[in-house]
Amino acid sequence: MGDTFMATAVSDRLRKPRRRASQREYTLTIVLFLLPLFALLAVFIIWPIISSFQLSLTKWNGITTAREFIGFANWLQLLRDPVFWKALANNILIVVLSLVFQLPIGMALAVLLDKGGKRLRVFKTIYFFPLLMSSVASGILFKYVYDPTFGLVSSFLRGVGLGSLVRNWLGDPQVVLFSVLAVICWEYIPFYMILFLAAMTGIPEELHEAAVIDGATENQYFWRITLPLLYGTIRVAAALSLIGSLKYFDLIWVMTEGGPTRATELMATYMVKEAFQAFHMGYGSTIASAMFVIIMVIALVVLRITRRKEA
Amino acid sequence: MRSKRTVAVILALVTLLSACAPVATPAPQAAGPTVAPAAQPTQAPQAAKPGEKKITFWHIGSDEGSQKLIQDSVDRFIAANPDVQVEVVPLQNDPFKTKLKVAMGAGDPPCIFPSWSGGPLYEYVKAGQVVDLTEWMNKDNYKNHFVDAAINQATFDSKIWGVPVENTAVALIFYNRQIFDKLGLKPPQTYDELLDIVKKLKDAGIAPFALANKTKWPGSMYYMYLVDRLGGPDVFRKAATRTGGSFEDPVFVEAGKRLQDLVKAGAFAEGYNGLDFDTGQSRMLQYSGKAAMELMGTWNIGVFKGDNIDYYNNNMGFFPFPALKDGKGDPSDVVGTIGDNFYSISTKCKYPQEAFALIKYLIDDQAVAERGKAGLIPPVKGFMTDDPVLKQVISIVENAKNVQLWYDQYLPPDLGEIHKDTSQALFGLTMTPEEAAKQMEAGAKKAFGK
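For the protein sequence lines, the chains are A and B, in the order given. Heads up: the first sequence begins at 1 in our numbering, then just goes up one per residue. Heads up: the second sequence begins at 312 in our numbering, then just goes up one per residue.
Chain A with its partners taken away, still in its complex shape:
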């Protein structure tokens, strides 16, 4: 025993000097590996964000080389801009409706596929298709589907005698946002389905067996055991949905361009219109910067509130 003690003491001492020299190497290696990533991040994300804030302080039409510095005038205009607030309200509406529909339905499908096992494996692929399609292609497809005269939806309703329910799906300002939202849900539910399904397969089967032995019903198992165990995943899903809805652009742009008459205007579509169509690059940058701040704040707040100490 005395010998081993001596041996470890000696080898410890031999190890120490090597650790000090290699610590520098170690640090250097880490830095070098991460450098390319950070360079990319800096060039494509951090600098554009800083640049947008700078541009928001200017009046610029996007094509001259000179930009006129006007301080916070754009920001003041933004605060008083009814179109921006309507856009923000539309974004919030999308946030709420996405959380209410996309996550629960995604969860339901995940439970279904989890229980169904091998027999329902093919549905995993089928349900995943909407997410795989290009948003632009889906948008154009659904424009035809929603055509009041020829589209699938209207024709189907008339065919089953519910013709009175037919609306001007994409032209009526009262209905249009919900029409597009339906397509957004169709596109993103598969994402949450896969997310939850993956998390569910991480729950050991023994837990289920034990619960059944103790007399739990499937219902109780889901609400009292599965759901709480998925809390972390649900939190992530909610955060992703929140952020995605606040910066949403694709389908709205393709299907309505924010219209008709601003009924589906979002912060992102308003930004594109101001910056690239109206030649107001300075104001467009203000909208972009405001979006950044709003989304950052809301996301951080939500993540903070939903934080739970890891067991």
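A few of these clues could be false.
[What the hints assert, rightly or not] Straight-line C-alpha distance at most 25 Å; calculated DSS-like pairs for lysine-lysine:
#1 B:365 with B:601
#2 A:59 with B:511
#3 B:671 with B:454
#4 B:454 with B:437
#5 A:59 with B:756
#6 A:86 with B:757
#7 B:601 with B:616
#8 B:661 with B:364
#9 A:247 with B:410
#10 B:671 with A:86
#11 A:59 with B:659
#12 A:59 with B:757
#13 B:692 with B:379
#14 B:497 with B:364
#15 B:511 with B:493
#16 B:511 with B:601
#17 B:408 with A:59
#18 A:59 with B:410
#19 B:661 with B:454
#20 B:497 with B:510
#21 B:761 with A:59
#22 B:513 with B:497
#23 B:408 with A:247
[To be verified] So, partial list: chain A residues that the calculated Cβ filter (under 7 Å) puts toward chain B:
#24 28
#25 148
#26 149
#27 164
#28 168
#29 170
#30 171
#31 261
#32 278
[To be verified] Covered stretches of chain A, going by a simulated chain B footprint (3 or more residues, C-beta under 8 Å):
#33 30-37
#34 60-68
#35 204-213
Keep in mind that the hints were calculated from the coordinates and are not lab data. None of the values given here were measured: they were computed from a predicted structure. Glycine is no exception: its CB is placed at the ideal position from the N, C-alpha and C atoms.
Go by the hints and put chain B onto chain A.
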């Protein structure tokens, strides 16, 4: 642990450094705005070896036919000028508008680019991004090759900034001859007759007008014609040039009222504000016989021909927008453009002379003949064609005392957007004509400063 902290600090510094370096310095004041942003890409100096002059040429002929027309001209230019390389980039309409703005802003625009003349081109002219072509156009009186109205569209501050090339396109009411024959209808001479036709079509269960107004410009054609027929071209001109007119002039309000009357009479097929012209939703209504008419530019002739040759041969007809008895406008006037696409040269182009020579090939005699065969009407004097359809259009244009350029192409871009937004709102009955006029006038004051 110390190594973790060191790593974090080093990375933070690197990130900050990359962010600080290419920061653009804002221009000091409106008085002397010529501070170039530091982030301007410098072009590598090019040695002028033979065969090494390079010209970039963007155009928006996205269908095969248009691409071929342009490529033919380019090929003939290259054959005659072997020392010049031409990079041709065909782009789609709306993406092109964005791409050009970004390229201009970044200081890297193409040598030759198209525009629809009017306000948007003038924005680029004011920004010093367009080459003044007056001298070259006057040489050998080249500008006399073109219809005067076309040259006027590209003239600002008494200088010529673009060459009219593509097409003469005016808005006419296309109608389905077979439906009209079946119901015993004839093309109307007056607006009242048109309203009567609208009623008869509705009674027969056919939508009078197909309208795809998601992109807002198709609907604005109705508004522009109503203004023109009610008050003549001077009302708009005075308001748009701020020479004693106003967008709140009673003519604009009355035009809005008539437009909404038309909407309330059910003249437009259902869903109009949500249908997309580019994906053919208004054409579908006409091909299927569910709608009988559409007010659209004469490029539609080529579209029908390519889309549905049966409809083109057996059904397609058109007549000019009818006269308003109580209006001051001349019923021969049309709304449209002489030239459609104009080609300009950017000031950043290294070889403007060669670029201008290339543009000349786009509209030389052979190109003019090819365009005529393709169903286009090049804006050149004395253009002849055997096509009876095109002959009809040419005679309508030649008889017009005035060609009113589309408002959204004439006005500065942001005012053009307000015009499109307000006219779409008029169609949707979500805005009163007075409110629409007020917004246009307020926008004009802001855009022009007076």
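Hints, verified against the model:
Distance restraint check for residue 365 (chain B) and residue 601 (chain B): the Cα-Cα separation of roughly 51 Å exceeds the 25 Å cut-off, and the hinted pair is therefore not satisfied. Straight-line distance between C-alpha atoms of residue 59 (chain A) and residue 511 (chain B) comes to about 53 Å, which puts the hinted pair past the 25 Å bound. Annotation: proposed proximity of residue 671 (chain B) to residue 454 (chain B) holds, straight-line Cα distance about 11 Å (limit 25 Å). Taking the CA atoms of residue 454 (chain B) and residue 437 (chain B), the gap is about 23 Å. The hint holds against a cut of 25 Å.
With a C-alpha separation of about 17 Å, the suggested pairing of residue 59 (chain A) with residue 756 (chain B) holds against the 25 Å cut-off. Only pairs whose Cα atoms come within 25 Å are accepted, and residue 86 (chain A) paired with residue 757 (chain B) is accepted, the gap being roughly 22 Å. For the proposed pair residue 601 (chain B) and residue 616 (chain B), the alpha carbon gap of about 20 Å is at most 25 Å, so the pair holds. Between residue 661 (chain B) and residue 364 (chain B) the CA atoms are separated by roughly 8 Å; this keeps the pair inside 25 Å, and the hint holds.
The straight-line distance between the Cα atoms of residue 247 (chain A) and residue 410 (chain B) is roughly 22 Å, inside the 25 Å bound, and the hint therefore holds. Distance hint between residue 671 (chain B) and residue 86 (chain A) is unfulfilled; the C-alpha atoms sit about 49 Å from each other, more than 25 Å. Among the hinted pairs, residue 59 (chain A) with residue 659 (chain B) is consistent with the structure: their alpha-carbon atoms are about 23 Å apart, no more than 25 Å. For the hint pairing residue 59 (chain A) with residue 757 (chain B), the CA-to-CA distance comes to about 14 Å; that is within 25 Å, so the pair holds.
This hinted pair checks out: residue 692 (chain B) and residue 379 (chain B) have alpha carbons roughly 24 Å apart, not beyond 25 Å. For the suggested pair residue 497 (chain B) and residue 364 (chain B), the alpha carbons sit about 58 Å apart, so the restraint of at most 25 Å is broken. Using a Cα cut-off of 25 Å, the hinted pair residue 511 (chain B) and residue 493 (chain B) holds, with the two alpha carbons roughly 12 Å apart. Between the alpha carbons of residue 511 (chain B) and residue 601 (chain B) the distance comes to roughly 14 Å, so the proposed pair stays at or under 25 Å and holds.
Between residue 408 (chain B) and residue 59 (chain A) the CA atoms are separated by roughly 20 Å; this keeps the pair inside 25 Å, and the hint holds. Under the criterion of a C-alpha separation no larger than 25 Å, the hint pairing residue 59 (chain A) with residue 410 (chain B) is consistent with the structure, at around 20 Å. Taking the CA atoms of residue 661 (chain B) and residue 454 (chain B), the gap is about 24 Å. The hint holds against a cut of 25 Å. Annotation: proposed proximity of residue 497 (chain B) to residue 510 (chain B) holds, straight-line Cα distance about 14 Å (limit 25 Å).
As the CA atoms of residue 761 (chain B) and residue 59 (chain A) are separated by approximately 19 Å, the hinted pair is consistent with the 25 Å bound. Under the criterion of a C-alpha separation no larger than 25 Å, the hint pairing residue 513 (chain B) with residue 497 (chain B) is consistent with the structure, at around 16 Å. Between residue 408 (chain B) and residue 247 (chain A) the CA atoms are separated by roughly 23 Å; this keeps the pair inside 25 Å, and the hint holds. Contact between residue 28 (chain A) and chain B, as hinted, is not supported at the beta carbon level, the nearest pair being about 9 Å apart and thus beyond 7 Å.
A hinted interface residue such as residue 148 (chain A) counts as satisfied when its beta carbon comes closer than 7 Å to some beta carbon of chain B; here the least separation is about 4 Å, so the hint holds. The beta carbon of residue 149 (chain A) comes within 6 Å of a beta carbon in chain B, closer than 7 Å, and the hint placing it at the interface holds. With a least beta-carbon distance of about 14 Å to chain B, the hint placing residue 164 (chain A) at the interface is violated under the 7 Å criterion. Interface hint at residue 168 (chain A): satisfied, since its Cβ lies 5 Å from the closest Cβ of chain B, which is below the 7 Å cut-off.
Nearest Cβ of chain B to the Cβ of residue 170 (chain A): about 3 Å, under the 7 Å cut. The hint holds. For residue 171 (chain A), the shortest C-beta to C-beta distance to chain B is roughly 3 Å, which falls under 7 Å, so the interface hint holds. Look at residue 261 (chain A): its Cβ gets to within about 5 Å of chain B, closer than 7 Å, so that hint holds up. A least Cβ separation of about 4 Å between residue 278 (chain A) and chain B falls short of the 7 Å threshold, and the interface hint therefore holds.
Coverage of the stretch 30-37 of chain A by chain B holds in this model, with 4 residues showing a Cβ closer than 8 Å to a Cβ of that chain against a need of three. Counting residues of the stretch 60-68 of chain A whose beta carbon lies closer than 8 Å to any beta carbon of chain B gives 8, which reaches the threshold of three, so the coverage claim holds. Restraint check on the stretch 204-213 of chain A versus chain B: 0 residues with Cβ-Cβ distances below 8 Å, three needed, restraint violated.
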